[in-house]
Amino acid sequence: MQKMNRGILTAISSIAIAQGLKILTHKKVTGEWDVKQVATTGGMPSSHSAGVSALATYIAANKGSRHTETALAAIFGVIVMYDAQGIRRHTGEIARLVNDLEDSFASLSGDFPSLEFVEREKELNEILGHQPIEVLGGAILGSVLGFVSAKFENRED
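full-length UniProt numbering numbers the first residue of the sequence shown as 1 and each following residue consecutively.
Careful, some of the hints might be misleading.
Stated by the list, open to error - With a straight-line cut-off of 20 Å between C-alpha atoms, the simulated EDC-like cross-links for lysine to aspartate or glutamate are:
| id | residue 1 | residue 2 |
| --- | --- | --- |
| 1 | K122 | E93 |
| 2 | K122 | D100 |
| 3 | K63 | E121 |
| 4 | K122 | E153 |
| 5 | K151 | D100 |
Unchecked claim - Quick list of the computed label-pair ranges, beta carbon to beta carbon:
| id | residue 1 | residue 2 | range |
| --- | --- | --- | --- |
| 6 | E121 | L72 | 14 to 22 Å |
| 7 | V29 | G64 | 38 to 46 Å |
| 8 | A95 | S65 | 16 to 24 Å |
| 9 | V35 | T68 | 27 to 35 Å |
| 10 | R6 | V98 | 38 to 46 Å |
| 11 | S65 | L101 | 44 to 52 Å |
| 12 | K63 | G31 | 12 to 20 Å |
| 13 | K63 | A95 | 20 to 28 Å |
| 14 | D100 | N5 | 20 to 28 Å |
| 15 | M4 | E121 | 22 to 30 Å |
| 16 | V38 | K122 | 31 to 39 Å |
| 17 | T68 | K27 | 14 to 22 Å |
| 18 | I12 | R155 | 31 to 39 Å |
| 19 | V98 | N5 | 39 to 47 Å |
Source of the hints: derived by calculation from the structure; they are not laboratory data. Beta carbons: idealized from backbone N, C-alpha and C, even for Gly.
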């Protein structure tokens, strides 16, 4: 029986652990347990950052920092982390503004009966991206898990 690729397993495990940790960080911030946090985007730590950092660190620990695979994983990781804290976060901020605008328009339309307004059933998702500290938290978590995974693999050989 063939074993699963250790790099993929490391990255997926890091993503799962980061998603699970979101339950704990949500509890710490809000005081409430919310198991649904395991399936959310945004929050601390970034599972995107954890996954790509785990993979890049795992490859670097096994192949060396000068190897082409390490370079590919690192550049891919930087792009993913930049996107998570940049474009996706700004999209969430725009969604928040649109939701606020719709709420304002809904209350304003009550004052003007001739103004017909049909409210959407569901608001836009506002938590899409990450704050820089959440990306950093995911990157640190992933790097540690990637390094540990590589060291355990090397001990097994």
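With respect to the beta-carbon atoms only, verify the hint that M4 and E121 lie 22 to 30 Å apart.
violated, 42 Å
Does K122 pair with D100 here, judged by a C-alpha cut-off of 20 Å?
Within the cut-off at roughly 13 Å; holds.
Beta-carbon spacing of V35 to T68 - inside the hinted bounds 27 to 35 Å or not
violated, 41 Å
Taking the CB of S65 and the CB of L101, does the distance hold inside 44 to 52 Å?
holds, 48 Å
Can you tell me whether the CB distance of A95 to S65 sits inside 16 to 24 Å?
Given range 16 to 24 Å: violated, Cβ gap about 39 Å.
D100 and N5, beta-carbon distance inside 20 to 28 Å?
violated, 45 Å
Measuring from beta carbon to beta carbon, are V38 and K122 in 31 to 39 Å?
Violated, at about 21 Å.
Is the gap between the beta carbons of K63 and G31 within 12 to 20 Å?
violated, 44 Å
Could you see if the CB distance from T68 to K27 stays within 14 to 22 Å?
This hint is violated: roughly 42 Å between Cβ atoms.
Holds or violated: K63 and E121, Cα atoms, limit 20 Å.
Status violated; Cα separation ~52 Å.
If you draw a straight line from the CA of K122 to the CA of E93, is it 20 Å or shorter?
holds, 17 Å
C-beta pair I12, R155: status relative to the range 31 to 39 Å that was hinted
violated, 21 Å
The structure fails to meet hints 3, 4, 5, 6, 8, 9, 12, 13, 14, 15, 16, 17 and 18 from the earlier list, while all remaining hints are met.
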